[in-house]
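Could you put the whole structure together from the sequences, leaning on the hints where they help?
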Amino acid sequence: MTLAQERTLAAKVRADFPILHQQIHGKPLVYLDNAATSQKPLVVLDALQNYYQQDNANVHRGVHTLSSRATDAYEGARDKVAAFVNAASRQEIVYTRNASEAINLVAYSWGTSNLQAGDEIILSVMEHHSNLIPWQLLAQRTGAVLKFVELTETEEFDLEHFKSLISDRTKLVAIVHVSNTLGCINPVQEITAIAHQHGAKVLIDACQSVPHMAVDVQAIDCDWLVASGHKMCAPTGIGFLYGKLDLLRSMPPFLGGGEMIADVFLDHSTYADLPHKFEAGTPAIAEAIALGAAVDYLSAIGMETIHTYEAELTAYLWQQLQQVPQIRLYGPKPDANGEGRAALAAFTTAAVHPHDLSTILDQAGVAIRAGHHCTQPLHRFLGAQSTARASLHFYNTREEIDTFVAALKEAIDFLGIFLDKRNWATHSSMPNNPCA
Amino acid sequence: MSLDNLRNLYQQVILERYKSPRHRGKTDPVDRYQKGHNPSCGDTIELTLHLDEAAERIQDVKFDGEGCAISLASADLMAEALRGRTVAEALEMVQRFQSMMRGEAEFPQEFRKLNVMQGVAQFPVRIKCANLSWHTLKAALEAQEAQLAAFVSNE
Chain H
1 MTLAQERTLA AKVRADFPIL HQQIHGKPLV YLDNAATSQK PLVVLDALQN YYQQDNANVH
61 RGVHTLSSRA TDAYEGARDK VAAFVNAASR QEIVYTRNAS EAINLVAYSW GTSNLQAGDE
121 IILSVMEHHS NLIPWQLLAQ RTGAVLKFVE LTETEEFDLE HFKSLISDRT KLVAIVHVSN
181 TLGCINPVQE ITAIAHQHGA KVLIDACQSV PHMAVDVQAI DCDWLVASGH KMCAPTGIGF
241 LYGKLDLLRS MPPFLGGGEM IADVFLDHST YADLPHKFEA GTPAIAEAIA LGAAVDYLSA
301 IGMETIHTYE AELTAYLWQQ LQQVPQIRLY GPKPDANGEG RAALAAFTTA AVHPHDLSTI
361 LDQAGVAIRA GHHCTQPLHR FLGAQSTARA SLHFYNTREE IDTFVAALKE AIDFLGIFLD
421 KRNWATHSSM PNNPCA
Chain X
1001 MSLDNLRNLY QQVILERYKS PRHRGKTDPV DRYQKGHNPS CGDTIELTLH LDEAAERIQD
1061 VKFDGEGCAI SLASADLMAE ALRGRTVAEA LEMVQRFQSM MRGEAEFPQE FRKLNVMQGV
1121 AQFPVRIKCA NLSWHTLKAA LEAQEAQLAA FVSNE
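Each protein sequence line maps, in turn, to chains H and X.
The numbering of the first sequence is the working numbering, which starts it at 1 and goes up by one.
The numbering of the second sequence is the working numbering, which starts it at 1001 and goes up by one.
Careful: at least some of the hints might be erroneous.
[Claimed, not checked] Derived DEER-like restraints, expressed as beta-carbon distance ranges:
hint, chain 1, residue 1, chain 2, residue 2, range
1, X, D1028, H, R380, 23 to 31 Å
2, H, Q23, X, E1092, 36 to 44 Å
3, H, H129, X, R1085, 35 to 43 Å
4, X, N1008, H, I261, 58 to 66 Å
5, H, T152, X, G1025, 32 to 40 Å
6, H, R169, X, E1092, 55 to 63 Å
7, H, D402, X, G1084, 50 to 58 Å
8, X, E1092, H, A11, 56 to 64 Å
9, H, T65, X, E1104, 53 to 61 Å
10, X, E1092, H, R380, 34 to 42 Å
11, X, R1024, H, Q326, 18 to 26 Å
12, H, Q326, X, Q1122, 27 to 35 Å
No lab work stands behind these hints, which were simulated from the structure alone.
Where is the CB? At the ideal position from N, CA and C, for every residue including glycine.
In structure tokens form, the structure reads like this:
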């Protein structure tokens, strides 16, 4: 894709995002915190508003017209999500509040009834806390043991280490598809194939991949895949779990309540068929419908187009950041086309702490994340207390990257003048780290 | 970039203390020891106090840890201000500092250096950074002896 076409793509979509057209501290907003949450296009906002203005009713309950409309829209959105990730059946898509809830669902439902003391769960050191804590809790309940895949020298998933950890004791492999900190794209298809050879189930955390690239659950052949709506242009409060049909059927309910039942007696009940068995209570109807609108929006642009455009931005971002003095970039380098990693960069600079950096960049209208990005163990592994992170989406532009990098250099100048003689050696080591 | 806003936040004294802290390290002996942690960002501080024999007066304060300019400068300025103060005075200073961060009060003349932290109150998301060391101090003073127990969280 040429530069001119790139501009066309970004220019084409930016008008769809009202929030991007505002000033922060007198400067145009440059939103580079998309890995935390994406912005929402008008079609998604309209879907929310239209639902409440025209169709609001509870789903699967009423015979009246509004209930029928609400149900059709709610279930129609499920079809869209199923098609978006190429699920074999719409029954394989369970709405959840977010990816964390989806992982907890699997950990409680499948994990509690299938794992025993001594069974092993393989994760990686780069997991988001949402794909770590539920398994820690499960391990505490069952006596299962957690094993962690470490990183290669290029700070990617170490497949060889994974092969050395996996055995017939392994019952589950739960791995992030794209790291929200390193930006590496993990070989989930290969990981899944290896895990299945050992009879282990595989869960993929696809929060950072589904919004940015085509994800095909049948091609990966994973047993479960989770994603959150709000990172893919949908509202907060909605996410989904994909699970293979037979597996979901075999799993006991997670939460009990209305909606998930077939016959209820005072002392026992039978449960609804999939996916409703896992959707207790009145769901986030408007949010689910708006998720469907977000999927339509992304599909209309095309995930391949989004991925290709973001790869070009990645190449440019990397090229610009490498020119910043004393910067440490985490994760693998992109190739010349920007492939090989996600469109985000976690980094530290010698002169300015990430929090100070984020405050200073905010004054320039640039929104980046500073902190541990919910990957504390990874930061400890990398020897970084915290990092700054700029994360892009398809509505970002090269000009925004220029603004960000210029502000970054200014920030280093602003604080660096005072700090250039600072002894950073004393700053990088921390005896008795309470987190260790 | 709104440099005026930033100069108000990153005042000269703050930057100097960040660059060249005067009270980094560990007291000898260690009569109180407390770790403080800001879980939302990862900043960590280890505070040590040397008290007099009656455990009523602070002889020395030192800190170690990792953090941003605001949290480390705040710790260094705090350590300086606490020397020679009684435990009761120090606890009152904790209250006063936290109310200054809420924009309610300043320190009196004798502690005027601490007032440079006032600029932080204009940046609500950074108040936690400034408060971390004071929060940790409060836990240290309320402990009965040097303890290596869990660290306090600044949430």
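Comparing the hints with the structure gives:
Checked against the given bound of 23 to 31 Å, the beta carbons of D1028(X) and R380(H), roughly 29 Å apart, stay inside it. Under the hint 36 to 44 Å, the C-beta atoms of Q23(H) and E1092(X), about 43 Å apart, fit the expected range. Between H129(H) and R1085(X), the C-beta spacing of about 40 Å keeps the proposed range 35 to 43 Å intact. The hinted window of 58 to 66 Å between N1008(X) and I261(H) holds, with their beta carbons roughly 60 Å apart.
For the hinted restraint 32 to 40 Å between T152(H) and G1025(X), the CB-CB distance of approximately 38 Å keeps it satisfied. For R169(H) and E1092(X), the Cβ-Cβ distance of about 58 Å falls inside the hinted range of 55 to 63 Å, so the restraint holds. For the pair D402(H) and G1084(X), the supplied restraint of 50 to 58 Å holds, since their beta-carbon distance comes to about 53 Å. In this structure, E1092(X) and A11(H) meet the distance hint of 56 to 64 Å, their C-beta atoms being roughly 59 Å apart.
Taking the beta carbon of each, T65(H) and E1104(X) are about 56 Å apart, inside 53 to 61 Å as hinted. Separated by about 37 Å at the C-beta atoms, E1092(X) and R380(H) satisfy the suggested range of 34 to 42 Å. For the pair R1024(X) and Q326(H), the beta carbons lie near 22 Å from each other, so the given range of 18 to 26 Å is met. Under the hint 27 to 35 Å, the C-beta atoms of Q326(H) and Q1122(X), about 29 Å apart, fit the expected range.
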